[in-house]
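Novice: Use the sequences and the hints to build the structure in full.
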Amino acid sequence: MKNKIIKWSILGLLTLILLFIPISEVSAATQLNLYFYNTKKTLKYTGKQVKYSFDGNNLDMKGTPGVIIDGTSLASYLEVFVKSPIGLTASYNDKKGVLTLSSDKTKLVLTAGSKTALLNNKKVTMPQAAVKVKFKESGKIKFLVPVEFVANSFGCVYTWNNSTVTGCITNPLHISYNGKEVNYTGTRGLVTVDGEAVDVSDMPGIIMNNTTLVQGVKVYSESAVGAEYQYDKASGVLTLTKDSTEVVLTMGQKTALVNGRERTMDTAPLLITNLDNSTDYIMVPASFVAASLGYDYIWNSASKTSVLTKSEIIPIPDTTGGTGSPATPVPDSIAFHWDLSVALTEEYNKLNGLTETTEISQDKSATSYITAITKSDNTANSETFAIYGNLPFSKAALTSSNGLLNLHINNATTNYQIFYANGLLAQSVTATMDTTAATAVNIGFNLSETGFKYELSQSADGCILYVKLYRNIVNRIEAGVSQGKEYLKITGMKGLKAQVKETGDTVTLQFPSTVNGTGDNSIQTSLTAIKSVTTSALGNNTVINFVKNSKDNYRVEQNGNTCIVVFNKESGSGGGDYSLRFKLPDGVSYSEITTEDQYLKNRIIIKIPGEWASFYNQYAISWSDDVINTAGLLVIGGETQIVIDTAALQGFRLEDQGNGEVTVTLGNPRDIYQNIVVLDPGHGGSAPGAMRSMNGKTVYEKDLNLKILYELAEKYFNSPDSPVKVYYTRTDDSSLGLYERPAIADQVNADIFVSLHMNANTKSEPKGTEIYYTSTNSNRTASGLDSKILANFVLDNLTEQLGTNKRYISSKNLVVTKAANVPAVLIELGYMSNKSELTLLTDEVFQENAAYAIYNTICQLFDVYPTYR
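Numbering (this note's numbering), first residue to last: 1 to 869.
No lab work stands behind these hints, which were simulated from the structure alone. Please note that a few of the clues may not be correct.
[As the list claims (entries may be wrong)] In the DMTMM-like style, the derived pairs of lysine to aspartate or glutamate whose C-alpha atoms are separated by at most 20 Å in a straight line are:
(1) 105 with 94
(2) 134 with 60
(3) 583 with 655
(4) 310 with 645
(5) 350 with 339
(6) 501 with 671
(7) 83 with 94
(8) 607 with 194
(9) 242 with 645
(10) 304 with 196
(11) 242 with 194
(12) 494 with 455
(13) 95 with 70
(14) 107 with 461
(15) 350 with 455
(16) 835 with 863
Note that the coordinates shown come from a computational prediction; the quantities given were computed from them, not determined experimentally.
Specialist: Okay, structure coming up:
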């Protein structure tokens with residue numbers, strides 16, 4: 001009797017447990033028996049049973065969950081698209097197995113058993129065919145459709161939540177800015193400030209040009225940041241004030257003022273109208289504004305959240321006594337100025353409104369077939385090309401190098417085609433499939449000259465991509481005196497990038513693909529540092545020559561659409577210009593100071609052992625350089641850090657002035673360092689390079705490249721007695737575009753570029769070291785070093801020091817060596833496909849030797865081929 005009572009008690013307990021288990025959890029564990037009418041077979045479905053939501057609200061699937069067939073989610077069109085808030089109109093012909101779904105602008109026709117559908121009367125291919133099934137347990141008959149494809153076809157965004165097994169459908173964000181309406185389907189970001197969520201549900205953060213824009217008032221004024229917020233609607237100027245910091249932003253302009261100093265943002269703030277709630281929002285670059293107001297910023301990609309936390313860096317006040325930049329506020333005096341000619345005013349106004357967008361991104365999209373490429377909407381200095389697809393395009397990005405502009409389009413297909421533009425800016429356009437991706441297209445624009453500006457935009461329905469090419473226009477040139485320093489300032493319609501050449505006291509600034517909007521001019525100035533200035537046009541380039549006083553030094557600051565030449569009097573003995581000055585505490589020697597160059601962030605950190613916040617409160621650190629954005633003090637981990645954030649990448653030099661005084665000089669890297677190299681650990685991130693198995697483990701080329709060139713060689717290049725300044729393209733396992741790598745050499749004004757790779761072959765016999773260069777890279781240093789000479793030098797020295805088999809040098813059409821504007825080589829250190837060499841390449845002793853051999857080879861190179869700086 002006792003055993004029966006126990007049994008009944010257990011049974012009752014189990015019954016209660018089952019009653020309280022959510023139905024969805026029970027059903028998720030059960031099997032579905034699905035009868036397919038097209039095959040007349042029953043499938044015992046044991047896979048995931050999918051739920052769906054629309055704009056965050058779960059949809060009632062009426063006991064007929066979605067299923068996953070060959071990776072594609074299929075579900076009843078009635079529950080997901082018709083009887084839900086999506087509210088599509090449907091017409092279903094059961095005899096023909098034809099379903100028609102429609103909205104105001106879109107009509108989609110699907111046929112049971114066929115992957116071919118008609119979207120607005122155009123044939124498109126779906127990942128899976130629609131199918132009629134019976135859920136045998138309930139007896140319900142449903143017509144299942146590929147949910148993501150249908151959602152994308154009607155302009156909705158579809159994302160997959162694997163943890164909840166839910167297909168999440170959202171409406172695109174309907175917004176307008178700069179006079180155009182856009183269906184934004186990209187990431188919608190959340191915001192937290194010091195751990196507290198900021199309610200931005202009415203207008204979430206959006207991403208433009210890889211920059212997150214967030215609501216200015218909610219994030220920076222009404223949150224814990226607590227900045228004073230003033231917006232002048234007439235001028236489009238937003239002013240944020242917190243403590244002693246004032247940030248001034250102008251809608252549509254990348255140039256901001258921080259305490260009166262001009263600062264350049266990656267993306268301009270915008271007045272955006274959310275058309276879904278008919279409300280205007282001031283959207284500002286989250287990272288830039290956060291840093292300016294004393295907050296650290298991190299983008300959490302997993303939760304899609306802008307995370308702001310109060311910075312622990314103690315600001316060091318500017319000791320200039322003024323607001324700084326020679327550009328603004330109004331200069332002390334203007335010696336002369338030339339403005340935009342009347343003849344160019346109309347075209348200038350048309351082009352000035354362009355936003356220089358280079359990337360368009362949607363979370364998901366079906367594959368779009370490119371049907372045509374046409375040219376339209378041209379002016380004397382601009383051309384627009386339209387790329388037509390049969391479906392909305394997914395992610396697309398523009399990159400440029402050596403006269404070729406490439407538009408890379410994900411989730412797209414095309415037949416090979418050439419469009420002969422015969423234009424002034426682009427001579428031809430070629431569309432080809434990207435062989436490195438399953439469904440991606442590269443569209444190459446063969447440019448007539450380099451240095452064009454370009455903008456990528458998309459039609460409201462997403463089916464047309466527009467690429468506008470245009471020349472920049474110089475609209476003002478002025479010279480004068482500001483904050484006691486003479487300056488020459490050139491202002492362009494868009495971002496300016498000068499090529500600087502010095503011959504004696506004559507300095508030439510050349511701006512490629514930039515119209516000389518001020519006309520040809522020449523003047524003898526009344527200034528002491530600038531004797532004369534002449535402007536002219538060389539083809540479609542603007543050329544500015546100025547003759548300087550031989551006793552004056554200068555630096556060129558290129559910030560956004562301004563290029564400013566600032567002059568400094570030559571320092572006499574016992575004097576000396578410096579950017580920052582600080583005193584060392586008693587007991588700390590100059591040799592104990594270490595530095596960290598975070599050049600990818602335009603940040604320099606000077607590290608002093610010990611915690612000295614109170615010391616530097618008594619002995620203030622002084623700085624007085626316009627290129628410094630902010631300077632601060634951070635005490636962390638038993639050391640004191642002086643953190644210097646600059647407006648542009650800077651070289652730096654510390655000098656011991658005696659009596660515990662240390663000065664820091666900032667400048668263009670070429671003005672600071674005698675020898676500069678950019679080192680490129682090949683591949684990285686999603687690009688592993690060659691792969692081979694060894695002792696049961698997979699060896700990735702990208703890891704070998706990074707370990708030897710950065711993890712091991714970095715200590716040699718950054719040692720105190722190293723004669724070479726090194727900059728790296730990557731310092732971790734991150735992806736980097738091929739054209740981005742040599743572009744870093746331009747950014748830092750490098751002397752040479754060296755990329756490290758490992759070789760592989762289908763045969764196992766080849767072994768040894770090879771060096772590649774590109775013969776069309778004709779750049780040569782002052783001592784005659786070119787890419788071929790560099791290749792031979794590196795091959796000879798590396799093989800001698802490491803004992804590897806000396807194979808050959810070879811000219812190859814590689815992006816990293818071709819696109820570099822300095823002598824450049826790619827080292828293939830050894831063959832991973834050769835068993836003995838793979839053993840050598842993974843040996844720690846050899847790796848250390850290889851790291852030192854690369855360092856030693858580059859040091860010897862600069863001894864033989866000096867830079868003469």
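Novice: State for each hint whether it applies.
Specialist: Hint check results:
1. For the hint pairing residue 105 with residue 94, the CA-to-CA distance comes to about 25 Å; that exceeds 20 Å, so the pair is violated.
2. Taking the CA atoms of residue 134 and residue 60, the gap is about 18 Å. The hint holds against a cut of 20 Å.
3. Between the alpha carbons of residue 583 and residue 655 the distance comes to roughly 12 Å, so the proposed pair stays at or under 20 Å and holds.
4. A distance of roughly 17 Å separates the Cα atoms of residue 310 and residue 645; the hinted pair therefore holds under the 20 Å criterion.
5. This hinted pair checks out: residue 350 and residue 339 have alpha carbons roughly 18 Å apart, not beyond 20 Å.
6. Between residue 501 and residue 671 the CA atoms are separated by roughly 14 Å; this keeps the pair inside 20 Å, and the hint holds.
7. A C-alpha spacing of about 19 Å is found between residue 83 and residue 94, which places the hinted pair at or below 20 Å, so the restraint holds.
8. At roughly 27 Å between alpha-carbon atoms, residue 607 and residue 194 are farther apart than 20 Å, so this suggested pair is violated.
9. As the CA atoms of residue 242 and residue 645 are separated by approximately 19 Å, the hinted pair is consistent with the 20 Å bound.
10. A C-alpha spacing of about 15 Å is found between residue 304 and residue 196, which places the hinted pair at or below 20 Å, so the restraint holds.
11. Only pairs whose Cα atoms come within 20 Å are accepted, and residue 242 paired with residue 194 is accepted, the gap being roughly 16 Å.
12. The suggested pairing of residue 494 with residue 455 holds, with an alpha-carbon distance near 12 Å, which does not exceed 20 Å.
13. A C-alpha spacing of about 27 Å is found between residue 95 and residue 70, which places the hinted pair above 20 Å, so the restraint is violated.
14. About 13 Å separates the Cα atoms of residue 107 and residue 461, which keeps this hinted pair within 20 Å; it holds.
15. As the CA atoms of residue 350 and residue 455 are separated by approximately 13 Å, the hinted pair is consistent with the 20 Å bound.
16. A distance of roughly 37 Å separates the Cα atoms of residue 835 and residue 863; the hinted pair therefore is violated under the 20 Å criterion.
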